[in-house]
Every structure is written in C-alpha cells, then in structure tokens.
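Chain G is already provided as a structure; the job is to place chain Y on it using the hints.
Single-letter residue listing:
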Amino acid sequence: MSTEEEQQVSEAQIAVHWREEELYYPPAKFIGQANASDPAILDRFSEENFPECFKEYADLLSWDHYWHTTLDSSNPPFWKWFVGGKLNASYNCIDRHLEKNRNKSAILWAPEPENEDIKSITYQELYHQVNEFAALLRDFCGLKTGDRVTFHMPMVPELPVSMLACARLGVIHSEVFAGFSGASCGGRIADSGSHVLVTMDSYYRSGDLVDHKVKADEAIATAHDLGFDIDKVLVWRRYPGKYGSQAPMVEGRDFFVDEILKDYKGKIVSPVSMPAEAPLFLMYTSGSTGKPKGCQHSTGGYLSYVAGTSKYYQDIHPEDTYWCMADIGWITGHSYIVYGPLALGTTTVIFEGVPTYPDAGRAWRIAERLGVNIFHTAPTTIRMLRKLGPDEPAKYNYHFKHMTTVGEPIEPEVWRWYHDVVGKSEAVIVDTWWQTENGGFLGSTLPGLQPMKPGSCGPGVLGVFPVIMDEDGNEVEAGSGRAGNMCIRNPWPGILQTIYGQPERFVQVYYEKYCKDRNSKDWRDWPYFAGDGAVKAADGYFRILGRVDDVINVAGHRLGTKELESASLTVPEIAEAAAVPVVDELRGRIVEMYVSLKPGFQPSKEISDKVTKAIETEIGKIARPKNVWIVQDMPKTRSGKIMRRVIAGISNFTDAGDLTTLANAEVVEGIRHHVQSEKLAKGDVPRELSPSEIDEIKAFGSAE
Amino acid sequence: MWQGRHNGPAGAGNEMRDAIAMTWHYIAGELSLLLEELGKVTEDEIIAQQICNLRIEAETVPYSALPDIAAESLALANDLCQFSLVNGDSLVFTRQLTVCGEIWRFGTSAGLLVDD
Numbered sequence: 155m156s157t158e159e160e161q162q163v164s165e166a167q168i169a170v171h172w173r174e175e176e177l178y179y180p181p182a183k184f185i186g187q188a189n190a191s192d193p194a195i196l197d198r199f200s201e202e203n204f205p206e207c208f209k210e211y212a213d214l215l216s217w218d219h220y221w222h223t224t225l226d227s228s229n230p231p232f233w234k235w236f237v238g239g240k241l242n243a244s245y246n247c248i249d250r251h252l253e254k255n256r257n258k259s260a261i262l263w264a265p266e267p268e269n270e271d272i273k274s275i276t277y278q279e280l281y282h283q284v285n286e287f288a289a290l291l292r293d294f295c296g297l298k299t300g301d302r303v304t305f306h307m308p309m310v311p312e313l314p315v316s317m318l319a320c321a322r323l324g325v326i327h328s329e330v331f332a333g334f335s336g337a338s339c340g341g342r343i344a345d346s347g348s349h350v351l352v353t354m355d356s357y358y359r360s361g362d363l364v365d366h367k368v369k370a371d372e373a374i375a376t377a378h379d380l381g382f383d384i385d386k387v388l389v390w391r392r393y394p395g396k397y398g399s400q401a402p403m404v405e406g407r408d409f410f411v412d413e414i415l416k417d418y419k420g421k422i423v424s425p426v427s428m429p430a431e432a433p434l435f436l437m438y439t440s441g442s443t444g445k446p447k448g449c450q451h452s453t454g455g456y457l458s459y460v461a462g463t464s465k466y467y468q469d470i471h472p473e474d475t476y477w478c479m480a481d482i483g484w485i486t487g488h489s490y491i492v493y494g495p496l497a498l499g500t501t502t503v504i505f506e507g508v509p510t511y512p513d514a515g516r517a518w519r520i521a522e523r524l525g526v527n528i529f530h531t532a533p534t535t536i537r538m539l540r541k542l543g544p545d546e547p548a549k550y551n552y553h554f555k556h557m558t559t560v561g562e563p564i565e566p567e568v569w570r571w572y573h574d575v576v577g578k579s580e581a582v583i584v585d586t587w588w589q590t591e592n593g594g595f596l597g598s599t600l601p602g603l604q605p606m607k608p609g610s611c612g613p614g615v616l617g618v619f620p621v622i623m624d625e626d627g628n629e630v631e632a633g634s635g636r637a638g639n640m641c642i643r644n645p646w647p648g649i650l651q652t653i654y655g656q657p658e659r660f661v662q663v664y665y666e667k668y669c670k671d672r673n674s675k676d677w678r679d680w681p682y683f684a685g686d687g688a689v690k691a692a693d694g695y696f697r698i699l700g701r702v703d704d705v706i707n708v709a710g711h712r713l714g715t716k717e718l719e720s721a722s723l724t725v726p727e728i729a730e731a732a733a734v735p736v737v738d739e740l741r742g743r744i745v746e747m748y749v750s751l752k753p754g755f756q757p758s759k760e761i762s763d764k765v766t767k768a769i770e771t772e773i774g775k776i777a778r779p780k781n782v783w784i785v786q787d788m789p790k791t792r793s794g795k796i797m798r799r800v801i802a803g804i805s806n807f808t809d810a811g812d813l814t815t816l817a818n819a820e821v822v823e824g825i826r827h828h829v830q831s832e833k834l835a836k837g838d839v840p841r842e843l844s845p846s847e848i849d850e851i852k853a854f855g856s857a858e
Numbered sequence: 260m261w262q263g264r265h266n267g268p269a270g271a272g273n274e275m276r277d278a279i280a281m282t283w284h285y286i287a288g289e290l291s292l293l294l295e296e297l298g299k300v301t302e303d304e305i306i307a308q309q310i311c312n313l314r315i316e317a318e319t320v321p322y323s324a325l326p327d328i329a330a331e332s333l334a335l336a337n338d339l340c341q342f343s344l345v346n347g348d349s350l351v352f353t354r355q356l357t358v359c360g361e362i363w364r365f366g367t368s369a370g371l372l373v374d375d
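Chains G and Y, in that order, give the protein sequences.
My numbering puts the first residue of the first sequence at 155, with every later residue one more than the last.
My numbering puts the first residue of the second sequence at 260, with every later residue one more than the last.
Think of the hints as simulated: they come from the structure by calculation, not from any bench.
Each hint can be trusted.
To give an idea of the interface, some chain G residues facing chain Y are shown, with a C-beta separation under 10 Å as derived from the structure:
#1 334
#2 337
#3 437
#4 533
To spell it out: a stretch of chain G is covered by chain Y in this simulated footprint if at least three of its residues, at any positions, have a beta carbon under 8 Å from a beta carbon of chain Y; those stretches are:
#5 538-546
#6 555-568
If you want the ones that stay clear, here's a sample from chain Y, every Cβ over 12 Å from chain G, calculated:
#7 305
#8 340
#9 341
#10 345
#11 350
#12 352
#13 356
Backbone N, C-alpha and C define an ideal beta-carbon position, used for all residues, glycine too.
Only chain Y is shown next, with the shape it has when bound in the complex:
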C-alpha cells in the first residue's frame, strides 16, 4: 500500500508553528487540483463526496495533513481503478489510472508519499 510520508511540514495543533513555506502552499493547491480531476472520473456518488471532502481538507487544513490526504487520495483512486477493472469498464479504468498515476507521481515528487 501507499503510505503518507510523515516527515513533511508540521504545525498542527499549535499556532506557534504555522508559519508556512510557500512551497507547501503550492503543493496543497496542486493536490486539490488532482482531487478535482479524480472527482471528474468518479461515477460513484459516495466516493465523489469523499473526494470532495478531501479536497476541502487539502485547501483548508494545516499543511501537515497533506501527506495523509495524499495517501487517502491515492487509496481512493486505487479503489476506483479496481472497481472499474472488475466491471470491465476499460475506458473509465484508463482515465482513472491516469489520474492515479498523476497523484502518485506528484505525491512522491513532493515528498508526500512513499511507495513501500
């Protein structure tokens, strides 16, 4: 499974710690965009709502939560791919896999995810 890499920025739970490097601002935004793309390839309403909630989290919660959100995003993308595969929906599967790959690539490049 994928795991959030929890050595990124900190800051949760303490106002004294929430000065933020601007790169994390950028990373939160990109993650939000990838979640938007994931939402577009989701037909299941419940999962779509989960993705929507994750997106709001990415945009508003402390940056320290981003690794967890990235890992959750990837897990959801993986579930969607599996579902499409089982149902033989190759067109949707391909689109989902593309987004899944983008999340993984961005997440690992940004240090949010490790692939163990």
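Next up, chain G with everything else stripped away, as it sits in the complex:
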C-alpha cells in the first residue's frame, strides 16, 4: 500500500470508530411548519453576507435604538456587535409579549414531588414578579447598572425571575450551579466582586428537601478569606413563610425575600436601556490553572444569537411547549431555558428534580402532562435514561416534533434510541456542538433543511464558518479524512466578550494559537481556537472527536489514544492497553503500545503481533506501533488511572517524573529495565530530546 493510500484509509478510521452513518431526513410534517424551510436562508447567511447577515437575528429583538455598526473589529479579538444599539434583555423576554400574550404561560415549573402542583407563570405574572424583585434589588440592596450579583439558586422559577430582574436594571448576574459547594460559590463571589448573594433556603433533589442556605454561610466565609465581603444575602424560601434550613439567619445580613417583597408589591421598574455591548452575565467555568474563569457575555450580541438559534435550530414557535432538561446553572440553561425561549415568547418548562427520580419514567410523564413538543437534553442524560428505562418512553402519550442533544458527541446507537424510542421516529434531532464560551450553537443541522447523521453535529450553523486546522495553521480539507483542531474563522454575536478581569488570558486561550498577525484589525486574521479535535466529512458535516491533546501526531496524522487502545483491547489476551508517543526523526512521533495480559496468559511475540495486527486492521497501517511492550502491570494511581507520562518517559529515555502518586511505584523499575535494555540492544534509542519535547512527554496523559 502506498503512503497516500495508507493515509486515506487510516485517517478516516482513526477519527473515531464509528463508521459513516446513513442520513435521516426530516419528516414532511416537520418541514411544513419549520421556521427555516426555505434554502434561501443559507444564502442569506453565506460568508459574503457576513457580518450583516446577523441583522436577521438582531431584528428578532426590540431595540430602543438601532445600531450603526454591525461588527466593530477595530480592537481584535474584543469584538463589538451591534454598536450604537440599545436594548434591554428583560424587556425583550417579557414586556414586549404582554400586548398579545399576557395570559400565556411563560414558565411551567414542575416541582420534584409529584404530588405538588405544576406552577404556571404567565407573561403578565412574570412581568410583575420581575419588576417587584428588580425594585427590591435597586432600592433595598442599592444595586445599580454594572454591579455584579451572584446567585446560588436551584431549578425554581425564582431563578429566572432573579436573572431577568438583574437584566432589567443592567446588573450583571453570575449564577453558580446550586449543587456546587459554598466554597466554590465563595470563590466566584470574590472573583466577580458581588456584594449581594441571592440564594434559596432549600430545594428537592432525589426525594430529599436539601438544606441549601447552609452553603451561603460557607460561601461568605470563603469570599471573606479571599478578601471580599458580602453585604446582603437574599434568601428565597421554597415554601414562602416556612424556613426549610437549619442554618441561622444572620441579622442585618440575611433577609427572606418573601418578607421584603411585600414592600415592593406592584412596583414597576423601567427597563434600563443598555448598550448592546454591555455585559449581561458571567458564567464561570473551570480552567486549567484551577482558578475558574468568568466568561462574560454581552447583552445585544448574545441575546440576538440565542434568539436566532432558538428560532431556527430549536425551531421554537410561540405556541410551542419547550423543555430543555438542563440546569440553568450552565450556559445551556441560560441560553436555551431562559433567554432564547423567552425572547421568542414561547412557554419554557423548568423541572426542579433529577430525571431518574423516582423512576426512569419521570421525564416522560412530565412531557405527557405538559404537552411538551420540543425536548432538549445531553447525551449523558440520554444514556442514563436508556440504561434505566429503555422501554419507558413508549408508555407515555407525548409527541415531540424536535429533539436536541447538546454538548458532547453522541454514539450512533444512543442517537438511534433517542430517535426511535424517545422521539418515536417522529421527531427531528439536532446534535449541537458548542461551548460555554460560545453563547449558542456553533455546529448543527438546520432541522428542516439538512438531513441528520448520527454521530455528526452537522455543518457550521448560519453565519459561522468552522475550519479544521493542523498544528501549523494549515486548513485540513473536507473529505481528507484527516483530523485537526476545530476553529471558527469568524466572530459571531454570541461569543464571550472576555474572561472577566483577565483580558490577556482571553486572548491567549482562544486566539493566540492561530492568530496570523497580532497587529491586524481584520477578523480574518483572528480565528477562534475551540480546543476540540474534529474531522470534516466531504459533505461538510463535522464529527467532534473530543479534546485536542488526546492524540499522538504521527507524520501529521492525529491518532487518538482511545482508538489505539480500543483496537489493542480487541485482542482477547489483552487486559489493559496504553498508547504513548516516542520522538522520531522521520515521523515526528511514533506510537508505542504498553499492554498487560489477562490472568493465565504468558507474554509472547505472537500476542505482540496480534496487537499490531489489530491496530492495523482497526485503524490503519499509519498507526502501526513501533513496539508493543507486554508488561506485568501498568503504573497506576489508586483509582486505577494508568500514568501514561511514566511509561512515555521510559520509552523516550527521559525522567519519568514524580512517582509519589502511584499505587504501585515498584513496577516502574521493572518496566524501565525491560523496555530500555531491549531498545538499547536494538540500537533503538531516541536522540537527546529538546526541552519542549521533554515537556511534551512529561505532560502526556495529564489530560487524562
């Protein structure tokens, strides 16, 4: 086989083990009602119409002042969208719907206990609740435009009420997932500089009324240790008038919201007209340094983007009942439970509990009871529901027209269960790829226009132009079968504005890698580095492979360690396998495999050959390992994690690094002797490594 043929075969197979799947076409019934059913929309959002194409998203909103510049790229990569425009997010999500839909449900809240009633909050009622709480924040807490407020709230309607009240005032909210500890909340309070914490006394999870207020005290103590003090803690009560926590209320600091709100009954707060680029919220996400980073999202660009993608990709119509079964504490919940659906005037469902309690039919009972017709969840949840109740959906009389899967690649077999069983083969699926930093979807099929392909998220969404780049910044062609780094060539309105308080880190993390000219004011020179590996098929669909450093780069071919190890494990004698890179003059890196055997088997050349053969068959000759080392045991941590950096160090004749975390450090010397003596005998010793190569080997596996 020639090298060229070898590459064509291997790279496509390396990408993932999933074969190219058949296409599924949306049913005519769906297409007939879809918001995007005219292919002309693809032309309107073509690259030649960028950035003005996003006027179509912005026009879904009500603006106090129209913008004069759609995209200001004068200070890259700090993009400004809809410059000169003014609007209020709360007004767009509530007030403007009142004229025609004041008595329509904005929020349907399903408490976890099934004996508690569903709570419906109309747009009119939401308007009053938001205004009254905004008045409280302004007058009781003294908050003003630009201040930050931290929420530590569970999945209750008071959370979107609090978010929209802040948005009404131009106050920046920062919600911390309720399940997180008080200490984590405290860290985020300090980082954001919030003086007010909004929390809840208790909430239901898996049948228990969880004491939540106790975490507020922990949060405040942590923030204090970090040099930051909270002035006021506002405590919503799960049952107004009845305190459900054991934590004492601190006089002068802690206040029950239901008691203070009485003073603000009927108050109306004029929505503050905010510049489009004013921050709307912060969303903290863990970084690699251990200090979470606050992704700052804008008002005009973000709201336009989530409204547009909700309309065209979620296919939300005002008359739909839409349920995103995520937590509002994550970006998915902000974008696709609160801001997107409410901006479009639809009914959004919020569920307090977990979908598997008290049984795996709970989610489908809610869907049936509320007449949900658009459903949105993550592959992890889909896998859990499939595992616990594969036949449950058929027991309930609901009918989805549309389903979303979000945030991680979904295996085709799981996708098919979602389609056939959950969706009853009636619903379209959009498999969406995006990140906390992105505000909204970046990769997805347009459900009425583009067929679905299990395991692939689809092409870039409207107005977003992804590209796969190799390590040198060259574009990897569609259909080449080669994997690379997922990047976005252009800015889009939903992208984070910065990392709160850390603009240098923002530039470094997302733009430094592929920036062509740091002095350039042209957005084309500033591709966004997403950090995910991906392959682009000939049809333009992207298949997301996972994080970019789970690979070994052999002669420009990115070999997934998962694929190499999975292939090795197809050999019946193999118990464990680990792939490591070895520096090589010709190919950059080559692969070496370490395997251990199941009990009863003895090391032999035959087994080594079987491993090599399995890798060649499953992946391709390009992935053939230089050596297969059969070892008695792998160096591991107590939790069973194979320490790949240790064996990578042995293969490269470099320092294996710190061994104190190993549960079986005694095996290292035996492996070193075995491997290095054999390599020395064969004259198979790598040249002296450069400092950067040593760093790479030391870091190998740290991603895992």
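Relative to chain G, chain Y alone:
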C-alpha cells in the same frame, strides 16, 4: 476495580486547551452533588474529609481530572460499603450502596468510568 475512563476532555497543563464543552460543566456539577450525597452517608471523619476534598477538586480542577475523581469517589463509596457490611450496619450499608450505585450509573453514562 473501577477505572476512570481517560479519554474524556483534556486540557490540563495548557491554557491553550481549556475551552470547555458545557456538558463537562454539567458533569462536574453532578459529580459534586453525588459527592455531597456520599458525604451525608459517611460517619468516618477522615473519609468525610477525603470526600470533601474530592468535591472541591471536582468543582475547581480542570475537567480532565473528572474521570480520576469519579473513580476515586467510587473507590471510597465501595470502601464505605465494605466497612458497613463488615460491621453489620445494614441500614447505613443500604444508604451507601444507593449512592455508590448512583455514582457508578452517572459515571458510566457520562463516560467517566468504565467497569472492567
């Protein structure tokens, strides 16, 4: 034994790699919650502190560490179950086993754990 499945998200040790899919944000939170539940069924103070430390890790360290934290959580839950079983404390054992099962179920569904 259970083993962390180390083909999940990466990102450790390099600022350039820490753009994070929002699903991992969700998974970290759920894991933290399960650790909180595990802490509630732990009477041993030393183990309770270990669980507390793991929880802080789940919430703050890079997402790439989650498989290891999940595996560690399950190992601790397993130890707790074994201890209760040896002591004939069936009530506590049952509660611990429930949490243990939840960690396993969530961990495998989220791709954090493999059961070998």
